[in-house]
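Read off the chains here:
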Amino acid sequence: MRKSYVTNNIKLNEFDALIRITVEMSKYLYPYIREILKSKEDIEENSVIWNDFNTRFIELIKERFNIDSMRVKKLLNQAENDEIIINSLLILSFCISKQGYQKLKNFLYDF
Amino acid sequence: MQNKLSFHQSSASLEIIGLPDYSNNENNDQISIISQWKLTIVDKPLIEGKIEHLGPIMDAFYIYSNLLIKNETPIYKSKLIDIKADNLHIHNIVLKSSKPNVNPLNIKIGNTSLSDTVNCFDQLNESSKVRIKKTMVSNYIPKKGRLGLNSKVKFLNFIMPPFIAIFSLILCSSIFIYFYNPIEDKEKNELINPE
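If you read the sequences in order, they're chains Z and E. The letter at position 37 of the first sequence is residue 37 when you use the numbering used here, and the numbering goes up by one with no holes. The letter at position 190 of the second sequence is residue 1190 when you use the numbering used here, and the numbering goes up by one with no holes.
Extracted from the complex, chain Z is given alone in its bound form (with noise of 0.2 Å):
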């Protein structure tokens, strides 16, 4: 999906300390987490952030994935990506525990 020509595996350390920083970025970013979702919430009244949060998204999509992937184009699709976002962001906010770490392996592996 990555706009990348080598197609290097991850190792398992790497895997590991990615979701390790993801983690505690979450712990950290939990705040903005909720206020999105929140927004999403009551679109009504709060539109603002969550249209920020996608464009910003759909704009970090374009400039890094590789757009001709279909899966990608899922994900640019403003009609279906939400059920993919607030889901994502569901997970990040389920994992600010101590045990965060091994909650996101365990879902990553259930996906």
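These are computed hints drawn from the structure, not numbers from a lab. Keep in mind the model is a prediction, meaning the values are calculated, not measured. Here a beta-carbon is modelled for each residue, glycine too, at the ideal position from N, C-alpha and C. Careful: at least some of the hints might be erroneous.
[As the list claims (entries may be wrong)] For the chain E half of the interface with chain Z, some residues (derived, Cβ under 10 Å), not all of them:
(1) Gln-1009
(2) Ser-1011
(3) Asn-1066
(4) Lys-1070
(5) Thr-1073
(6) Asn-1092
(7) Leu-1095
(8) Thr-1112
[As the list claims (entries may be wrong)] Here chain E is said to cover these stretches of chain Z; the calculated rule only asks that three of the stretch's residues, wherever they fall, bring their Cβ under 8 Å from a Cβ of chain E:
(9) 64–75
(10) 79–87
(11) 91–100
Position chain E relative to chain Z; hints supplied.
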């Protein structure tokens, strides 16, 4: 005098009331015998109960959150609590009282309140001051993860190609053995070269 411990996460807070187990030489500030718990979610009615209700309610939230993020049908039903998704953002909780003639309590919460509540339960599970029988789902490890999916797949990838090669060799050889009859071949040779 009972001890009180509170766990807070944004819009949700969980209060645990109980006593330490002095027979186990526990500190005065610990709670091992839980007599009551209260879950407060902002703008929602208070949820409270006894120790026997806490475990099933925590399990319900953990199972439901797992179903939700796995994109499976997010519905959880039990004697005590039902949770189902109204849509992507709203979750409908029905709490059934164990007392007769008490109507069930309906609460609708959003994704944020759901994650706050799950995080409160996580804090309770991780607290060293409360000794609670670990729920089976809080340490939920999916079957795939438990078996070590990565190592299993890697092992299969490693072992399968030589196995397939050996089996195909055996199959091909057995076909040739079936068609090739060495005695008949010997007789033919003898007929060509009678000496």
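- Checked against the structure, which of the hints given earlier come out wrong? The structure conflicts with hints 5, 6, 7 and 9, although it agrees with all the remaining ones.
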